[in-house]
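Colleague: Chain by chain, the residues run as shown.
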Amino acid sequence: MLKLFVPCDSVARAVGADQLADALSAEAQRRQVEVQIQRTSSRGLYWLEPLLEVETAEGRQGFGPVAAEDVAGLFEALTAAPAEHPLALGLVEQIPYLSSQQRLLFARAGITRPLSLEDYRNHGGFEGLAKAALLEQAEVVAAVLDSGLRGRGGAAFPAGIKWRTVRDAPAVQKYVVCNADEGDSGTFADRMLMEGDPFLLIEGMIIAGLAVGASKGYIYVRSEYPDAVHALNEAVLLAREAGYLDTTGSGVAFDLEVRVGAGAYICGEETALLESLEGKRGIVRAKPPLPALEGLFGQPTLVHNVLTLASVPIIMAKGAQFYRDFGMGRSLGTLPFQLAGNVRYGGLVERAFGLTLRELVEGYGGGTASGRPLKAAQVGGPLGAWVPPSQFDTPLDYEAFAALGAMIGHGGVVVADDTLNMANMARFALQFCAEESCGKCTPCRIGSTRGMEVVDRLIASSDPAYRADQANLLHDLCDTMQYGSLCAMGGMTSYPVASALKHFPADFGLASPEAAQ
Amino acid sequence: MPDETLDLPVIQRVLDHHRDTPGALLPILHAIQAGVGYIPDAAVPDIAHALNLSQAEVRGVITFYHDFRTAPPARHILRLCRAESCKSRGAETLAAQLREQLGLDDHGTSADGAVSLRPVYCLGACACSPALELDGQVHARLTPERLSALVSGCLQEVKPC
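Chains as they are written, first to last, in this note's numbering: chain A, 1 to 517; chain B, 1001 to 1161.
Don't take each hint at face value.
Below, a sample of chain B positions facing chain A; criterion: calculated Cβ distance under 7 Å [unchecked claim]:
1) Tyr-1038
2) Cys-1122
3) His-1139
Bear in mind the hints are in silico, worked out from the structure with no lab data behind them.
Think of the CB as a built atom: it goes at the ideal place given N, C-alpha and C, for glycine as much as any other residue.
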């Protein structure tokens, strides 16, 4: 019997994976060949999607990207000389893009079926929970602290310190909240993980609940990810049926609920997210009090991004030392970078911190998809800086990027060629901030709109002196927003704007970098 | 305007189901919108009463979030991604094509109620930009031809009598 694997990931489906699976079973029926088609998660090699994998004695052979029309010819080749088919990729796990990665979080990507508990267990699932259940709370917290894990949502705060704070906070009711409102454009690792390996997130949340003494967890997912919502809801039901979401040995009951956002970008900010979970407008709260002490419904709450929580089972299963052996400086472990935009080989690249942006964009990404010269890459989502190729040799490390006036954020990298106008992108960043600002603080609410007006005037003017004036004004405004906003939304909108102005003054009609000073 | 009192049983069922859920307002609004197609004005007093909130608080939440509608939707909702990754792959050209083909602005709805355009900022399909979502289904690696075919599909559909 022929065993085939086709991803059920939403983006693989957006480029024809369902049609491929249908065509495969129709063709098999026509030829009276017995086939089993498993719908797995995606490997994250998106330029090859839809990626068909065929089980052989040596391992899974890949073919991609396969359109439904290719199926008849492919069946022919499978029985004759599979390696000679023009779409043949050889053994999938030997594709250099994949084999050179260090996949910890995405170890099961493309291999297992997302909603199969059996597949999950057969590939190391629940080993971390089993170990954690044997430890004292303090030992679990110590392991997270020792691993060097930092918050993967963007702020990179040491996770273990949050855990310790929540554990030490006296309260009858505590919560674990997963921030799965992956609103940052250019990022898709959370989506892939929730759609493709939902039990990993659930396992991480159970461990977190045990360690900090929380009995209830919420996963707040953005509404733009209906497939992730569906996968999580199903996975929670399955985990509950299998007994993982009740009493887990240590006598602490933990249960989970999936909540769906409603299209507000600001709800990715942790305090706005908590407001939203409470059923209110997503308005940012002033800190302190920290959510770790007064979070959801006023109770101590551990709020983490999907990737942070999903890292915990690996840390527990393999040990803190194993995890911290990856990475550099204070950026330890691995980060799933997401290559997107105008790039030839877009996809997910999970590597230890420390590789350079050039290795990522030119090595893995293969340069621009258009074949035109590379202009810049925006790292870290819509609030990240545009980094010019002259800075591409910077290692991907939280501190090294902060020193550039940039950030790694959630690991999204959007590549642009020379046709993308950076003045337009700066204006877009301000426009986006104006649309999505919660309105609580003035620099963000008013500054974003005034910023758009300044960029418009700057671009429209033909008088160099006036332009220089407006550029100065824009710099001042960026400073005000950066240092005067209540949260990162207003604060970091200055990053794409100031970086565009600094590195690409010509796009603003400014003569040279000096003119922008 | 549809007779909103017809929706009251749906609304009551949703409220009964969620009444004791902590922080229930968003799940309630999602459930009503899923059942009715939008949040009818007639639902607001009942929601407020069930959750012990003022009507102003309920309206405040409805208007804060982009997803909630207060009028029936068009038959098709087309959301073209306009974020950085898709922009770097020509999303603005596609947006111009859409505006021309449909004669609509962003956020516009065609007069016959066939299509609504709504911008979206990221569908998580960034490695296969540009992308759009049509009636909940994501389409990626869009080309002008493919976009045109998708739009024609919405417009040519036989209208229900």
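Colleague: For each hint, tell me whether it holds in the structure or not.
Modeller: Results of checking the hints against the structure:
no.	hint	in the structure
1	Tyr-1038	13 Å, violated
2	Cys-1122	4 Å, holds
3	His-1139	6 Å, holds
In summary, the one numbered hint that this structure violates is 1.
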